[in-house]
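Novice: Next come the chains, spelled out residue by residue.
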Amino acid sequence: MARYAMVFDIRRCIGCHSCTVACRTKNELPMDMIYNPVTTVGPTGVYPNLSMVHLPLICMHCDNPPCVDACPTGASQRRDDGIVFVEDKKCVGCLACVMACPYGARVKNHESGAVQKCDFCKDRVDEGKLPYCVLTCHQKARVFGDLDDETSEVYKLVNGERTVRLLAELGTEPYAFYIYG
Amino acid sequence: MSQKHEGWGWMLAVDFFFAGMGGAMLVIAGIVDLFVGEGRTSALASFLGAAFMALGSGLLIFELGRPFQSWRVFMNPRAILTVGAWVMSLAICAGLVYTTFSFAVFPWSDWVLVRKLVAVVIVVSGLIVATYPGVLLGRLKGRPLWVGPGMTSLFLTSSLVTAFAAHILCGMIVAPATIGDVLARFPAITAVLLAVQLLLWVSYMWVKISGATEAEAVAARRLLCGEYSSAFKYGLMLVGTVLPLLLVLVSSPLYQAAGAILVLVGGFILRMLVIYAGGADRTWLPGEVKYRSRLPHGDEAFMKAWNEKEFWTTNK
Ligand code: SF4
Ligand code: SF4
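From first to last, the protein sequence lines stand for chains A and B.
Residue numbering for the first sequence follows numbering that gives the first Met the number 0, beginning at 0 and increasing consecutively.
Residue numbering for the second sequence follows numbering that gives the first Met the number 0, beginning at 0 and increasing consecutively.
Calculated from the structure, these hints are not laboratory results.
Worth double-checking, as some hints may not be accurate.
Unchecked claim - Mimicking BS3-like on lysine-lysine, the simulated pairs with C-alpha atoms at most 27 angstroms apart in a straight line are: (1) K289/B x K303/B; (2) K128/A x K139/A; (3) K139/A x K121/A; (4) K139/A x K25/A; (5) K128/A x K155/A; (6) K25/A x K89/A; (7) K89/A x K121/A; (8) K289/B x K139/A; (9) K308/B x K89/A; (10) K25/A x K303/B; (11) K308/B x K25/A; (12) K88/A x K128/A; (13) K289/B x K25/A; (14) K25/A x K128/A.
To be verified - Some chain B residues near chain A, calculated using beta-carbon distances under 8 angstroms: (15) G6; (16) W9; (17) V13; (18) V72; (19) L80; (20) A84; (21) S108; (22) L112; (23) R114; (24) A230; (25) G278; (26) P285; (27) E287; (28) Y290; (29) K303; (30) E307.
Note that the Cβ used here is the ideal one computed from N, Cα and C, for glycine as well.
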């Protein structure tokens, strides 16, 4: 069984927001919903030694996802391959998962009343394709793949580069990894 | 656009208030019955305990994005909300059944053993209902004001103190069937619980500010000297805690009733404060606050133009 993960090389991200737009288009999101924002930190430092980084965010597809535990209806689920998703018809919009997610990865759709989130484009992944944001990223700052496959690029990056996980101290075991330098 | 403050609102605060008070009212009625004797608390209080919980869960349904699907919240036994929903349903039913024992018209009103068993059920289920909102909030790792075990004790204490106040008021409206000896002690117990509540809040703020993460300190400071400080200091601490503590100690029913009403006001303020001040705040990721602050609000010219897109796409 695969174990999907995404690696973000933030040395490569130029903050163009192409991934954000691609995701919104692919998922036909209403204007007030964003699955994968790209934040900007900086500029920091004193001229001429200034630095600025862009941080792409998504659902971290946690191995120990508090959102799934919090969901009273069972709408929030984690597949065996690690993809965390919401089964729309079961969601009652109680927001327990929104409050439980430490990464702000979930958004309520005010038209349907249900909560939605990034699902790694599981329909595409099931067809052997890449998530749309990964396909769109012209800087190749996003790498997606199977962390259980030793030949995959994510395996090599996670085990070879210095990667960090956001809010790792919370014990959610996120499967989004960041290479920062 | 609601990207920043998507979260629970006042209906959940009202639900937590009624559910906590209702559950604890049944706990008190059940304990008094089991250890002191029957008919020592007002029958109105037992009925209202169940009714308040029903009212609270009714409001919770309206808070849902899809209220007509609310039955689904019973489906995941691993989720605290599901456990809460099951136990609250049990407590409401048991509370209503327990109330019937106060009326001779019901043929089972003198079945002592059954009444005692139902009393055990209302004590256990009521205690869970009074406690679980604190457990629910305390487990939310990314919410700095709530995270940790402290919320559990704050909610339990507040539920108990509001329940004692409600028992005092109910006893004034419908007196207990047997002598009012137990009820006469409730103002003193309420005062002790209010003092405990005061102490718990001081400790909670102190722990959050001194020993925890920077995000927790910021969240606590928001209550002490930020946007919620007036509601916290004057609403919860002064009007909802210190003032009623003094009033219930005066041996006059009028003062005690006023004190009990202020306790209820304080319990409600506490729920509103906790839900709003804690829900608005996450442990933000780098750059996130700036990013979200720049999102459109929905009333910008380009947003209005976008919302009219149907007009200009169909008429061009
Ligand atoms: S990032 Fe949030 S929504 Fe995604 S799996 Fe983790 S807790 Fe759940
Ligand atoms: S909002 Fe939907 S997905 Fe989230 S916890 Fe409630 S029912 Fe589950």
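Novice: Hint by hint, note whether the structure agrees.
Specialist: Hints, one by one, checked against the model:
no., hint, in the structure
1, K289/B x K303/B, "holds (23 angstroms)"
2, K128/A x K139/A, "holds (16 angstroms)"
3, K139/A x K121/A, "holds (20 angstroms)"
4, K139/A x K25/A, "holds (19 angstroms)"
5, K128/A x K155/A, "holds (20 angstroms)"
6, K25/A x K89/A, "holds (22 angstroms)"
7, K89/A x K121/A, "holds (18 angstroms)"
8, K289/B x K139/A, "holds (25 angstroms)"
9, K308/B x K89/A, "violated (32 angstroms)"
10, K25/A x K303/B, "holds (23 angstroms)"
11, K308/B x K25/A, "holds (20 angstroms)"
12, K88/A x K128/A, "holds (25 angstroms)"
13, K289/B x K25/A, "holds (26 angstroms)"
14, K25/A x K128/A, "holds (14 angstroms)"
15, G6, "holds (6 angstroms)"
16, W9, "violated (14 angstroms)"
17, V13, "violated (15 angstroms)"
18, V72, "holds (4 angstroms)"
19, L80, "holds (4 angstroms)"
20, A84, "holds (7 angstroms)"
21, S108, "violated (37 angstroms)"
22, L112, "violated (35 angstroms)"
23, R114, "violated (33 angstroms)"
24, A230, "violated (21 angstroms)"
25, G278, "holds (7 angstroms)"
26, P285, "holds (5 angstroms)"
27, E287, "holds (5 angstroms)"
28, Y290, "holds (4 angstroms)"
29, K303, "violated (11 angstroms)"
30, E307, "violated (12 angstroms)"
The structure shown violates the earlier hints numbered 9, 16, 17, 21, 22, 23, 24, 29 and 30.
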